[in-house]
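Asks: The lines below spell out each chain.
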Amino acid sequence: MRSKDGKNNNMTDKFILKKDHLVSFLRRLKKEYHLVAPVKNIQGDTMFTLVDSVDEVEFDLVNQAVTSIKPFLFPQQETLFTYETSANGDYRFDSVCNSQPTVYFGVHSCDLSAVLYMDVTFSLTARDPYYLEKRKNAVLISVGCNEPSENCFCNAAKTGPFLEYGFDLQLTDLGNRFFVDVGRATGQEIVSKWQHFFAPAEEEDVKLQYQTYLEARGKFTRQVHMDQAIKRLKSGKVPESIWSELSLRCQDCSGCAYICPTCTCFSISDRKLSEHEGERLRSWDACTFSGFTRMAGDHNPVDHRTQAIRQRFLHKMLYDVQKHNRPSCIGCGRCVGICFGGVDIIRFIDLVTN
Amino acid sequence: MIHTINQNIYLPRPAIIKELIVENSQIKTFDLSFVDEEYNKTFTYAPGQFMMVSIPHCGEAPISFSSTPSRPGTLSLSVRKAGTLTNAMHELTEGAFIGLRGPYGTPFSMDALKGKNLLFVAGGIGLAPLRSVINYCMDNEKDFREITILYGSRLPSDLAFTADLDLWQKRPDTTCLLTVDQAEPGWNGHTGVVTTLFDKITVDPSSTVALVCGPPLMIRFVLAELSRMGIQDEDIITTLERHMKCGVGICRHCHMDNKLVCVDGPVFNRAELRNLEVAELLT
Amino acid sequence: MKDVLTTCAYCGCGCGLYLHVENGKVTGSMASRNHPVSHHNLCVKGWHIHEFIHNSSRLTQPLMRKNGKLVPVSWDEALDFTAENLRRIRDNTNCQGLGVLASAKCTNEENYLLQKFTRTVLKTNNIDHCARL
Amino acid sequence: MTGLATTFGSGAMTNSINEIEQAEVIIVSGSNTTEAHPQVARRIFDALDNGAKLIVIDPRRTLLAEFAHIHLDIKGGTDIPLLNGMMRVILDENLVDDLFIEMRTENYHALRDMLFRLDLNKIADITGVALEKISAAAQLYARAQKAVICYCLGITQHVCGTGNVETIANLAMMAGHVEKEFTGVDPLRGQNNVQGACDMGALPGVFPSYQAVNNPEHREKFERAWGVELSPVPGLTLMHMTHGGPKSPVRGMFIMGENPVLSEPKANKVDQTLKELEFLAVSDIFLSETAQLAHVVFPAASFAEKTGTFTNSERRVQMVRQAIPPIGSCRPDCEIIMSISERLGYPMDYESTAEIMEEIALLAPTYGGMHHDRLESSWGLQWPCWDREHPGTPFLHKYYFSRGLGQFIPTTHQSPGELPDDDYPLVLNTGMVYHQYRTATMTRNSVTLNRECNEAVLEVNPQDAASYNIRTDDMVKLSSRRGSITLKAQVTEQVGAGSVYTTFHFTEAPINELTVDTKDPKSKCPEFKVCAVKMEKITT
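Protein chains in written order, with the numbering used here: chain A, 82 to 435; chain B, 5 to 287; chain C, 5 to 137; chain D, 27 to 566.
Bound conformation, chain A alone (with noise of 0.2 angstroms):
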């Protein structure tokens, strides 16, 4: 763990891995894992990708990735199990999970945030088995950014650029080598296993990782006022009307949400396969949407003309405060800019504020 002057570090903890033998390092991760990293296409987006051959494809430690890992760990859709009736009317069900041990690599410190959060969603009411038996295999080797892209505000967030914990191991770009902090356990294994691409970090490493970090918090471009907004929702002070002038300029198109690495709503559904069988889905579902609460006879307990952004700024910047004492908002910017009607959570919070 890192300490906030840089120095009395437990030396133990802190190695260094050289660039030049990141993919050896990785070929051999993916003997024993499946492999998920940043993967930038021809097209120039970066995607998590469930890597075949790590010399074929192009690793991008520095873009943020279209989408954090919420779709490995929480599938857009997957099924939940099958079920099958007989003639005799009989109605069963068989479960359905797949899960294999897999690294996720270069995941940046903002969604890992994300991760955390989505452990206490899946954990906290309830355990959600598909999520957790996903998480349990999951192994996450961040990557801290030196360099925050122009719509980055984990700062405001505090979820970034580096973390303290969450991840197994935690990379910081130096140049030519990245300095590892080592976090969970599974971390500790991997750098013992493997102890022939670490080298025990310097005092020198450490600084100037220490620097790196204090740069890059110096280089965000963008002022979000989040603690003010929260206190400001907290205190009562925001009037009601907001939420019907940016409802109004909703178009209903679910991605905020989708985009969103903590946003975990989600729909249940039956899939036909045949006259007996068939598959019970779930599927990523949005609060912006009217029929998330529409129920049977066409009753809606939420007026989603002036209502639809409602609970989703509300959730994350007031309830899960109330809750969990922090914003489930990590402040990767996905979000921001993409909405059809201009009204995304930085829009939100400049209004709130000001």
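Because the hints were derived from the structure by calculation, they are not lab data. Please note that the accuracy of each hint is not assured.
[Unchecked claim] Keeping only pairs whose Cα atoms sit at most 20 angstroms apart, straight-line, the calculated SDA-like set for lysine to any residue is: (1) B:Lys-263 - A:Asn-381; (2) A:Lys-315 - B:Asp-261; (3) D:Lys-514 - A:Arg-375; (4) A:Lys-353 - C:Glu-26; (5) A:Lys-353 - B:Glu-95; (6) C:Lys-29 - A:Leu-354; (7) C:Lys-6 - A:Tyr-114; (8) C:Lys-127 - D:Pro-373; (9) D:Lys-563 - D:Leu-513; (10) A:Lys-404 - B:Gly-253; (11) D:Lys-79 - D:Asp-99.
Starting from the structure of chain A, add chains B, C and D where the hints point.
Replies: This is chains B, C and D only, laid out in the frame that chain A set:
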């Protein structure tokens, strides 16, 4: 690697329809038991809780218990035709299989009702969860004081649970009054919305707990009326209905401001609902 | 498990999206970040485009009308029957009796082939589509 | 899109979708953009946030109209007088771009003479829009440096659809608002590949790239390439094929992925015509209403199961990549066509769709440089793209119009084919909703989309609702001279008094059994946007 997960909260258990009671043209009561005999013996629930019911190809929906755990071996769900799943349920016959998981939700706090006069106000299918409480109280009558039941429906032919209503009306320590919005030939009873029955009863606000369930509009008027009568917010208890998918506090379909009806409810007292954006209470 | 970049099949905007494939099934759809139209977001239809692909009411085998009802048949039977009828009507009507509708939902290559087929084989210019809708 | 072809020489969006967000003034006419073209609407909202001014021309109070600086809520079918009125204002206010007109256009004098004969007060009467609003809109548009006009089916689906488009073109040229980035005339194409289907010559009169079948030079080129003699006679249009009834010359049809039974006007006639056919083959992914009438139905592969290209509204040709093998025994339409062609003695031996595209590049000049390998490694290319080196064309008509000089074509008001009267006192307008697409064969089989919207509602103005004693959710019977349907009413200010509006997606309420089959004589586009109906409340 495909394997079965132990203790999968999403996996229903097969159950069989033992008996089917037609309450009216819209409501049927299903007496159920799990196919797994062992599980039947250990299964318990509390009034106010609900089960997630599965029908093949139709998905799931939350349905409140209408039976009472004080009568072991009975597990009844009363269902009004409203959507795809409930319509499919109405097509089923005795001996048919359905899937069940639960029980879910925060129940009525029966302890808090002890020693109180109980006023039940229900409309339509809203009597189902209250029936669970009423019969529980009757089975433990020494714990509770006077019981008053006000029940309204649209038409006389819509009155559900008539067997129970008959029994309740016959009990000396119980007042059970019925009303309909619109009379039909042969109806000699009261006509008018359920709040018009309040004139016929006397209520001691300090010792009474009111339990209310029914359509949103009814809940709104009844709650307002009860407050006007001087009953404390903590003693006005209602149970809400919402669209639900998981039933266990994850999917968030039943959100109501910072509450989730499936885990924080469906039973709420009025004090808890104050300051919330609750559709039933908005004017 | 893979993500395949493709073009949305819903409206004329032409968003770039990734179809997520898991065990041979399309289980998701994700907006391309750098695509000039979609620009990291899709409309509700694009975000749920994977939902219709594996719907159980998809046609999965050729059908032919027999005794008034559409019943499953082999590809060869359906193709032979179609070829035979098109030839007969073409020849009996001096190439005036056939009409072809192409589709604004199909690809350029399919539309190209269909108009080529209509003009070269059916020997008519009776080809059109819902362009005006 | 005939109107733009005659005026500019090319019937497509002159700009790219992205350019719209940089415009200073945006006119949206006859397009419910937020529902039908969300990505365009997104650019319009971005432009608004950048300070742009929005003018919406629509009889309905659409969502976009809520945000408009000026909403010109015209009476249905009066676009031409409105736009002519705006041009007259531009003329009167001396805001005409003389240099542009001089250098780039012809026939301006005819337009000007026509405009001088107009009576603006009469225009206000016809359109139902106050003169001040018309004048303000005209000045706003003409004074802007960067101004775009987006229009959609609300312009084209009229008996005077071509005239409407020509009038829009006149307005743009008069103000000099073409030829530049962020400035132009942008018809928003409804379906994902309607542009491509047109480009590919799936039209009765033209080969790929709009080369006329009756032009001997063009025909000869295709005869050489395809090795057969080709008919010089333009074919029948869709409406002729599907509305012929028993006397139709068409005796057999092959329909690929269309559902005319639901999508075409006067749909009961289509149903009748198709049932009369000696032979009908349909290839589709679902058993559509049309497929249900067929003798043979081919199960087609969906877009996820095949490779090819789509051309979007901004003329961008993009790859469709195969994600999974065809489900069941489905086959891509290309294979189906090739199999039939082979059986009829004309084998088409393409190894891949890339090879088909090579042939297209060879024969369609605007697609000259479009090859799969180039499209594969990019975000596609916008036509015209003349050769392998050409980078594609983001916006059209720079330096010269596709036809050389832009042509002014003066137009005058033409009443809709059917107007309300005592028996059928209301005007019916039709359109689409956001969550459904076309005849909904795909969207209704999608759980989420269907949950959000799965039934047709009839929008009724509160004033009419009061006089008919109709409340939201009441069932109403809507009838025209051609048929009647039953659907739910929704009382809303979105439609004006005297008008009703509904969508065409739903087979339970097949609105096209009511619509007229009068059509624009030039574009052959049916008049979906105006017909006379009556409404009755159904009491249960």
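Asks: Given the hint that Lys-353 of chain A pairs with Glu-95 of chain B, test it: the Cα-Cα distance must not exceed 20 angstroms.
Replies: Satisfied, since the Cα-Cα distance of roughly 18 angstroms is no more than 20 angstroms.
Asks: Are Lys-29 of chain C and Leu-354 of chain A close enough, with their CA atoms no more than 20 angstroms apart?
Replies: The given pair, whose Cα atoms are some 13 angstroms apart, holds under the 20 angstroms limit.
Asks: Starting from Lys-263 of chain B, check that the Cα of Asn-381 of chain A is at most 20 angstroms away, please.
Replies: 17 angstroms, holds
Asks: CA of Lys-79 of chain D to CA of Asp-99 of chain D, is that 20 angstroms or under?
Replies: The given pair, whose Cα atoms are some 17 angstroms apart, holds under the 20 angstroms limit.
Asks: Compare the distance between the alpha carbons of Lys-514 of chain D and Arg-375 of chain A with 20 angstroms, and conclude whether the hinted pair is satisfied.
Replies: 18 angstroms, holds
Asks: Are Lys-127 of chain C and Pro-373 of chain D close enough, with their CA atoms no more than 20 angstroms apart?
Replies: Between Lys-127 of chain C and Pro-373 of chain D the Cα gap is close to 15 angstroms, so the pair holds against 20 angstroms.
Asks: Between Lys-563 of chain D and Leu-513 of chain D, is the straight-line Cα distance small enough, at 20 angstroms or below?
Replies: 10 angstroms, holds
Asks: Are the Cα positions of Lys-404 of chain A and Gly-253 of chain B separated by 20 angstroms at most?
Replies: It holds: about 14 angstroms lies between the C-alpha atoms, which stays within 20 angstroms.
Asks: Does the structure keep Lys-315 of chain A and Asp-261 of chain B at a Cα separation of 20 angstroms or less?
Replies: 13 angstroms, holds
Asks: Take the C-alpha atoms of Lys-353 of chain A and Glu-26 of chain C, compute the straight-line distance between them, and say whether it is at most 20 angstroms.
Replies: 18 angstroms, holds
Asks: Taking 20 angstroms as the top limit, are the C-alpha atoms of Lys-6 of chain C and Tyr-114 of chain A close enough?
Replies: Distance ~17 angstroms between Lys-6 of chain C and Tyr-114 of chain A Cα, so the pair holds.
Every hint from the earlier list agrees with this structure, and none is contradicted.
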